[in-house]
Amino acid sequence: MVNWLLDPLQYEFMLRGLAAAILVGIVCGVLGAYVVLRGMAFLGDALAHAILPGIAVGYLVGGGAQGPLFWGGLIAGVGAAIGIGAISRSGQIREDTAIGIIFSGMFALGVALISTARNFTVDLTHFLFGNVLGVSPADLRLTAVLAALIVLLVAAFYKELLVTAFDPVLATILRLPTQFYRYLLLVMLAVTIVIALQTVGVALTVAMLVTPAAAASLLTRRLPTMMALAAFIGAASGVLGLYLSYYVNIASGPAIVLVCTAFFALTFLFAPQRGVLWTRFRREPTSTRSETPTNSLQR
Amino acid sequence: MDVKNIARKPASHEPEAPVVRLSDVTVTYGGGEPALDDVSLEIRRGEQIAIVGPNGAGKTTLLKVVAGIQEPSSGKADVYGHEASGHICIGYVPQRSQVDWKFPVTVSDVVMMGRTAKMGLFKFPGKTDRRIVREMLEKVGMTNLANRQIGELSGGQQQRVFIARALAQEAELLLMDEPLTGLDTPSQEAIFEILDSLRPEQMTVLVSTHDLRVAAERFDRLMLLRHQLLGFGPPEDVLTAENLQRAYGAHMTMVETPIGTMALSDTCCEGEEPHDG
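Note that the protein sequences, when read in sequence, are chains A and B. So in the working numbering, spot 15 of the first sequence is number 15, and the numbers just go up one at a time. So in the working numbering, spot 70 of the second sequence is number 70, and the numbers just go up one at a time.
For reference, chain B alone in the conformation it holds in the complex (with noise of 0.2 Å):
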């Protein structure tokens, strides 16, 4: 029982350090292959950053390894210098198959959870919770729905949600797995606009998705996953035929066109996992 970690302080930021420093990072579940293999990488200040590879390639172990709610098997996951799992600066936004829709809780209760560590045992929420609460809504648009049951709203209203409640966390790095995945072109535009309008406060964004056409859009670098990393950098580095090949193997077709090599995928829906309802 962890009730010594009560009253434990976060960990605290190294100004000249990567915010997200994986070195060796090893992750392996029961005795089977690993999820992560000697995964080592530097994510700097202010990136928003795309995983992408196969299903079950490891995105979502390596966004909980970042987070520090997954210890690696070997190696090390650092943010801002210090251990990942001592930190309470990073915001997470579950798949939306990981969430209770039918749980009785409103959008500004969900956004309040967010202040939850800040407000510390005992505390109820005060006149700046509330404040911090309202403005990230307002942040994301979702200030006219913010008394309805989180299951009444939208897929993308619902990543909004979580994203608003990142913020109200005070969350300096930012983890989505998936957000994109079953959203309509419209919602998924109101997400990148968020995601843009983070940028001068300098947030940095790491969102798994297995939209490559969107990774390359819409991210300043790309991360190739496969167990391995098998590329990082910008989408023209990392998004060649050798390397999508290697990553995608048999699930993945390279068709020459008259306007330059197409990638066809089939490793559409994943985490696409009906609920219940």
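Here chain A stands alone, though its shape is the one from the complex (with noise of 0.2 Å):
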């Protein structure tokens, strides 16, 4: 048992892969929490994809190298987030055909920029599906230093982001700069994508914002608990995810979101109080409420 645990440990780049998997876990838990409760799950896979053409230019332009890649993600993801911001402002097109049209249109640019590479099916596969397993001590270095700077603006911000998630209304009231916490949080959500880009890929990314935090969902009415069971669940399916893709031999990005969903599917089922099995089998509540409740608590 604990050879089979300690294995797969000898490899360097697999303590690189698992040290990069835990980091994009914790980070895609914590702003997964926002994206989930603001309800940008569609938003968040278009961003994903949208960031291709950024990163294919910063391959093509540095030959594989983080750094390159980063900012031409980051420049394509944030340019993807106003684009789609313009268009929907215009107020002639939905914001969802905006989001469509704009993800789909830049998707299509990076493949076809990625097809210009000679060894054009290997790289394009690492882009869509991850390569967690290539992750250099460098690029290492990097998506801890932005990790940690992600979790340190949530935190910072705490407060202003929660009351823009909960309620635009009061933020509006309270005068808070509405406009820059959203734009703070696409910016956050395009560098936690291209973060997670090395691990499960573009296809995948979305799956790591979203299951976890809302599995997470399902067993706290906490924020904070809600972003800490997240950051769990999100690096305890990266490193349980890798051991299956070393074990089982499956690539390791499809392997971490299984994992994810396995997790999902466990607390679906049988998260107290809110779980499938739980609302089935339980008998009347027991209620110590002293007035009528509403129809928005008739579960």
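Simulated from the structure, these hints should not be mistaken for laboratory data. Don't take every hint at face value.
Heads up, incomplete: computed chain B residues facing chain A, CB under 7 Å, no partners named [unchecked claim]:
no.	residue
1	Ile-88
2	Thr-116
3	Ala-117
Covered by chain A, according to a simulated footprint, are these stretches of chain B (three or more residues, beta-carbon under 8 Å) [as the list claims (entries may be wrong)]:
no.	region
4	34–41
5	60–73
Ideal placement from N, C-alpha and C gives every residue a C-beta, glycine not left out.
Using the hints, put the two standalone chains together into the complex.
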């Protein structure tokens, strides 16, 4: 058993992969809480796809180094977010349509750019589904710095981000700069996606953002706890997914996401109070409420 | 991007100015009929006022203009003598259908949100903030439910939490959008007790409702709205047969009974969209 656990750890690429997967799991969990609560899953998926042309340019220029990839991806992500905002604010086109147009267009541009490279298929697969075992020490350092920065920002702006997410009207009445916080969230999302790229890739990043946070939301009624649980589930999925990939010999990105999905399925079924089995077999609740419950309480 | 607003100072108060002054306020959404049509009025400190009128009469729009979150298409909205949009002293209790009741926040988390602007950037709740939150929960009688998730409360309790949030904000003007809709009589009564308890401290209160009887019984003045301001004053001056006919038209029937004229309206259930769940 101990050998089974330690065996993969003799490889340095495996150690770096594990560290990267844990960092990505933590950041995605923390920020994913806001993605889930603000209903930004589609936007998150779209941004993940829309960074591909930036990644492609960074890749063609830098030959695979993390720095150019990161800046290219970040610029493309922020550009996509601003473009979506501009199109939907014109009032002529709904926001989800705008998201669909921008993200598919940019994704196509990204694939087109990568197709000019010589080993097209291998590179594209790495961008689409991640290549966590190819993480270099420099990549890992950059990932750690950015992950810390995002967690720090979420903590520093905690109460403002909470108010803008829960009650945008209150945020406006308290004269908070709501547009600033919206763009802050989008930029943090773009950075997180670029970090997550190396572990699970463009196509599966949204799973790391949404699935652990959704599972966590079934387990708690406090936002800080939800963020911590989501971070834990994300990190644990990273570790378990890599072991799964090592022993079953499947691609690492999909393995991580599958473990995430399994975590969600378990909580969806067995979560206390809100799991399917719990609500199915629960007797009539013994109500201690002093007033008549409203419709919103009849779950 | 309004980055420069991060450190904007809230507007000051002119002691002589009315709490609310609307001058020729018109609001038009898109290009259609105006939601508010040339409304002018003044509200004095400590008044408790009900806004009544049929569905879509512009009640919510008027509250939003006063709150400074809806810019008038023309005209001017002042609070304490300065533009409404510059103040952080305005408390707003949203319609229940506007709130995500599954959001993972507790009762005291919601009340603490009222402290956000007072705390300032990069500050976490201190002793004073926690004390104020405790006192306001006490004031609305929600102390024992402070750690409940907000979706676990009854409708009346939910309204009280949002009143506590406005009080924690140190609001001097309280705006409530249809707070009584869907509440049973005891829950409504609890809210009126809180509003009465705010009278000694001269809290100005503006409440929209479709319940004409409650509006006439419980408030100092009534505002009858149908895009235009049809009447603003004591109930007996505002709720005349002629005014009601102009406000409600075909939706209002006048019935002569032995005890006087009775106005029957069928505008119930405004804002009562079903929640998910």
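Verification of the supplied hints:
no.	hint	verdict
1	Ile-88	holds, 6 Å
2	Thr-116	holds, 5 Å
3	Ala-117	holds, 4 Å
4	34–41	violated (count 0)
5	60–73	holds (count 3)
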